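Visitor: The chain contents come next:
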Amino acid sequence: MRNFFLRQFDWVALNDRSYAFMFEKLGTEEVVSVDCETTGLNPHKDDIVTIAAVKIRGNKILTREAFRVSVNPEAVMPATSIKVHQIRKSDVAAERPIRKVLPALLRFIGNRPLVGYYIDFDVRMLNKDVFNMLNIGLQNPLIDVCDLYYSRKYGTAPPGTQLDLKFSSIQRDLELPVLQAHDAFNDAVSAAQMYVVLSDMARRGIRLKRSRDWSQPSMPLG
Amino acid sequence: MPQAFDAQNPPFDRLTHAEAAELRSQLDIGYWPPGETIIGVGQPAGYLHVVIKGSVEERDGEEVENILRFKDSFDARALVHGAAGASFVAAEETLCYLAPKDVVLDLIKRNPGFAAFFYSELSRKLTGYASGPEGSGGVEQVLRARVKEARLHAAFFIDAGATIAETGKAMSERDSNALFVRDGDRVGIVTGMNLSKAAVLMALPLTTPIRDITHFQIHSVDEDDFIFEALIKMTRHNKRRLAVTSGRTFVGILEDIDILGLVAGNSQLIPGRIDRARSVDDLELPARDIQAQVERLHKQGVKVEVIAEITSDLNRALFAKLYDLIAPASIKEAGCLIVMGSEGRGEQTVRTDQDNGLLLDRPVPAEDLAKFRVDFTAALEKFGFPPCPGNVMVRNPQWSQTVEDFNRQLKSWVLTPDEFSAMNLGIFYDAIAVTGRGELLETAKTALSELMRGESAYLARFAKAIDQFEDASAGMLTSLMATVGVASDAIHIKKSGTFPIVHGVRVISIDRNVHAASTMGRLDELGAQSILSDDMVRDLKSALSYLMEVRLRSQLTSIRTGRHEEEAIVRLSELSTRDRDLLREALKVVKKFKEIVRSRYHLAML
Numbered sequence: 001m002r003n004f005f006l007r008q009f010d011w012v013a014l015n016d017r018s019y020a021f022m023f024e025k026l027g028t029e030e031v032v033s034v035d036c037e038t039t040g041l042n043p044h045k046d047d048i049v050t051i052a053a054v055k056i057r058g059n060k061i062l063t064r065e066a067f068r069v070s071v072n073p074e075a076v077m078p079a080t081s082i083k084v085h086q087i088r089k090s091d092v093a094a095e096r097p098i099r100k101v102l103p104a105l106l107r108f109i110g111n112r113p114l115v116g117y118y119i120d121f122d123v124r125m126l127n128k129d130v131f132n133m134l135n136i137g138l139q140n141p142l143i144d145v146c147d148l149y150y151s152r153k154y155g156t157a158p159p160g161t162q163l164d165l166k167f168s169s170i171q172r173d174l175e176l177p178v179l180q181a182h183d184a185f186n187d188a189v190s191a192a193q194m195y196v197v198l199s200d201m202a203r204r205g206i207r208l209k210r211s212r213d214w215s216q217p218s219m220p221l222g
Numbered sequence: 001m002p003q004a005f006d007a008q009n010p011p012f013d014r015l016t017h018a019e020a021a022e023l024r025s026q027l028d029i030g031y032w033p034p035g036e037t038i039i040g041v042g043q044p045a046g047y048l049h050v051v052i053k054g055s056v057e058e059r060d061g062e063e064v065e066n067i068l069r070f071k072d073s074f075d076a077r078a079l080v081h082g083a084a085g086a087s088f089v090a091a092e093e094t095l096c097y098l099a100p101k102d103v104v105l106d107l108i109k110r111n112p113g114f115a116a117f118f119y120s121e122l123s124r125k126l127t128g129y130a131s132g133p134e135g136s137g138g139v140e141q142v143l144r145a146r147v148k149e150a151r152l153h154a155a156f157f158i159d160a161g162a163t164i165a166e167t168g169k170a171m172s173e174r175d176s177n178a179l180f181v182r183d184g185d186r187v188g189i190v191t192g193m194n195l196s197k198a199a200v201l202m203a204l205p206l207t208t209p210i211r212d213i214t215h216f217q218i219h220s221v222d223e224d225d226f227i228f229e230a231l232i233k234m235t236r237h238n239k240r241r242l243a244v245t246s247g248r249t250f251v252g253i254l255e256d257i258d259i260l261g262l263v264a265g266n267s268q269l270i271p272g273r274i275d276r277a278r279s280v281d282d283l284e285l286p287a288r289d290i291q292a293q294v295e296r297l298h299k300q301g302v303k304v305e306v307i308a309e310i311t312s313d314l315n316r317a318l319f320a321k322l323y324d325l326i327a328p329a330s331i332k333e334a335g336c337l338i339v340m341g342s343e344g345r346g347e348q349t350v351r352t353d354q355d356n357g358l359l360l361d362r363p364v365p366a367e368d369l370a371k372f373r374v375d376f377t378a379a380l381e382k383f384g385f386p387p388c389p390g391n392v393m394v395r396n397p398q399w400s401q402t403v404e405d406f407n408r409q410l411k412s413w414v415l416t417p418d419e420f421s422a423m424n425l426g427i428f429y430d431a432i433a434v435t436g437r438g439e440l441l442e443t444a445k446t447a448l449s450e451l452m453r454g455e456s457a458y459l460a461r462f463a464k465a466i467d468q469f470e471d472a473s474a475g476m477l478t479s480l481m482a483t484v485g486v487a488s489d490a491i492h493i494k495k496s497g498t499f500p501i502v503h504g505v506r507v508i509s510i511d512r513n514v515h516a517a518s519t520m521g522r523l524d525e526l527g528a529q530s531i532l533s534d535d536m537v538r539d540l541k542s543a544l545s546y547l548m549e550v551r552l553r554s555q556l557t558s559i560r561t562g563r564h565e566e567e568a569i570v571r572l573s574e575l576s577t578r579d580r581d582l583l584r585e586a587l588k589v590v591k592k593f594k595e596i597v598r599s600r601y602h603l604a605m606l
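Those protein sequences? They're chains P and A, same order as listed.
Read in my numbering, the first sequence has 203 at position 203, and its numbers run on one by one without any break.
Read in my numbering, the second sequence has 27 at position 27, and its numbers run on one by one without any break.
Each statement offered as a hint is correct.
Far from chain P, some chain A residues (derived; all Cβ distances over 12 Å):
#, residue
1, Arg241
2, Glu367
3, Gly384
4, Met423
Derived contacts from chain P toward chain A, CB cut-off under 8 Å, selection only:
#, residue
5, Asn59
6, Lys60
7, Ile61
8, Leu62
9, Thr63
10, Arg64
11, Glu175
12, Leu176
13, Pro177
14, Gln193
15, Val196
16, Val197
17, Asp200
18, Arg204
Cross-link-like lysine-lysine pairs, in silico, DSSO-like; alpha carbons within 30 Å at most:
#, chain 1, residue 1, chain 2, residue 2
19, A, Lys332, A, Lys445
20, P, Lys89, P, Lys100
21, P, Lys60, A, Lys53
22, A, Lys332, A, Lys411
23, A, Lys101, A, Lys71
24, A, Lys494, A, Lys591
25, P, Lys166, A, Lys71
26, A, Lys495, A, Lys382
27, A, Lys411, A, Lys594
28, A, Lys109, A, Lys239
29, A, Lys101, P, Lys60
30, P, Lys128, P, Lys83
31, A, Lys53, P, Lys166
32, P, Lys60, A, Lys109
33, A, Lys371, A, Lys332
34, P, Lys60, A, Lys71
35, P, Lys100, P, Lys25
36, A, Lys53, P, Lys209
37, A, Lys53, A, Lys71
38, A, Lys494, A, Lys592
39, A, Lys303, A, Lys592
40, A, Lys71, P, Lys209
Treat the hints as calculated values from the structure; they're not laboratory data.
Nothing here was measured: the structure is a model prediction, and the numbers come from that model.
Where a beta carbon is used, it is the ideal one built from N, C-alpha and C, also for glycine.
Could you put together the complete structure from these sequences and hints?
Guide: Right under this line is the structure:
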């Protein structure tokens, strides 16, 4: 109920009616995997450097028509974050500022649910600029692959079970190919892969085994 | 995805950087839960699938023909011909890259090396030709050959008014399976298959004019076009034949099989070159080509027995020519050159040794013989035949002497109860005459049969050799131990696999006076004589064939890696699950057969 009213407020607050599609009912099975690389982890101070978004339609990850853009951030790029994503200030100096690229991103994702690894963070980063532009935040439902993984892996775990929700751990556990991390596109594709595998497991009621570490490798000759 | 997509993997390693980048930008990713069909049999495919994670079963009905894993791609046939030859079913949670059909077809059109892979997939030959550093040259070369260099079928014309019966007769007279049909200004092609379909399926009377069943929309290439252009036309139009033109006239018909003939290479050319050799040096190149084609044929998916047969034929032609070139008149008049062991049985593929000898019907001048012994063996060594570890070579006076002396030698081996003489007799039993006076070998073989016939005590001792190497186990324990690094997972494929079969069959063949030269032939005869059950014969043949295949693969690998001491070693950990299953089955058959031989010759009591 509360969400309904919040949405109504947003609907009133929306200052550009050409973005009314953000409020449309979900008409498609598509979702969009989104990842941003940023200058740091503080949404108040830091800015987005690159954004990638990949649509998932049914069982297909549409990497072919991915949305990929680099942004010229206003915030300073500290050395610590440059070390993580290896994008230097000079690499993005020629890029457009985020307000120029947002319209295209918003039209790309439309009203589709957003998928990501700690997707809240990416949305919070994006919302700073979405607010500036439209007076409201993103309306899309959010699907965090961490939650999907948690419920497949730890949903029935006894209290005190050691949790491991690291990106690379999920990747390893699902036996997904490890791409070069901290590239927005690769991370978005990886999250998309996690999403298709995990949501299929949920459909089929398959759980991931815990404590795989000490399980024997499967017998080659049975 | 783009960055992570590995273009180093065949067939994508055939693409240029620009082409690989183009392909990357066009990839999507698909996901299938276990049990879901990715492409059904007979269905077209919109994509070429490349496995990222999981595994995919290629199924023919209920039977799993192949398991595709990480980096494997499928299905060329569904892509190019619009219908998959098998069904492809996800065996686990499976992710695949999806390369759109039009993008792949476009690359096929532009890149002949890439196209070759697909063509080879389609013809179910030429598997994985790109794996080795050398060998891929053959295919490339062929693709850049001109159409007229292939063995074309000559163009024969027949009038469209001719009847089905007349056309069939014309085809059989000309030994041709396709004729050009002239109908006024139109020209078409009619094939034997068209005739059969008309007569059998459509039940048309044999007096029907062939005009009614001829295809007048023919696809043609010019005789100066490249072979790859012809390949592309065949794949694109799903045709097995193309008309070949020279300017505006039809000069012949090119069939897909002719192209394969070109790719399969020069094995048909080697005998000519051996024949034309005027000196020992002239023989060196064809001798090395014999070896090179083993790998090429193997990569083309030719069965190992066939490779062995081709190789043996060529080796024999080579030996005969060498003998002709270096044997002095005295030896030529009196001698017979024989090959033995695997070479005699026609089971040698990659050269592992040379087992050869010379029988003479009378003494020849000592200096002639001495020189021949040295020269013959040295020439073979120079051609790349390793010396025989057991010294079964012309160089060894034991193996090049008069028949009379040799028969005495045989007798002393029969009377000496050691493994060395048993092995010599075994090797000699496999002898065949290469050139010269074949009756000398017959004499010696008859002498051997008479020495051994009914000598059950001797046969038992001879049979005992199958026990000289202990059983290999590809069982659970071995592999479990291997996975935890306690035991070696290496299996000596010759000692534990091929040797017990070959030797066991040899013993029973001596016992039962079987004359076939090859192990497969001996098994057939033993089956026909009801000495072995039909099931056992069939199991042994398929086990031997599989073991030879695995051995050949490991030999080729050891040549590539230069680890020659490992040529007969197969590592379980390096085999696919399917291969491990097959190997385990084959070793089971070996074990069962050893039991049969043991009880037949009461080996337990020795």
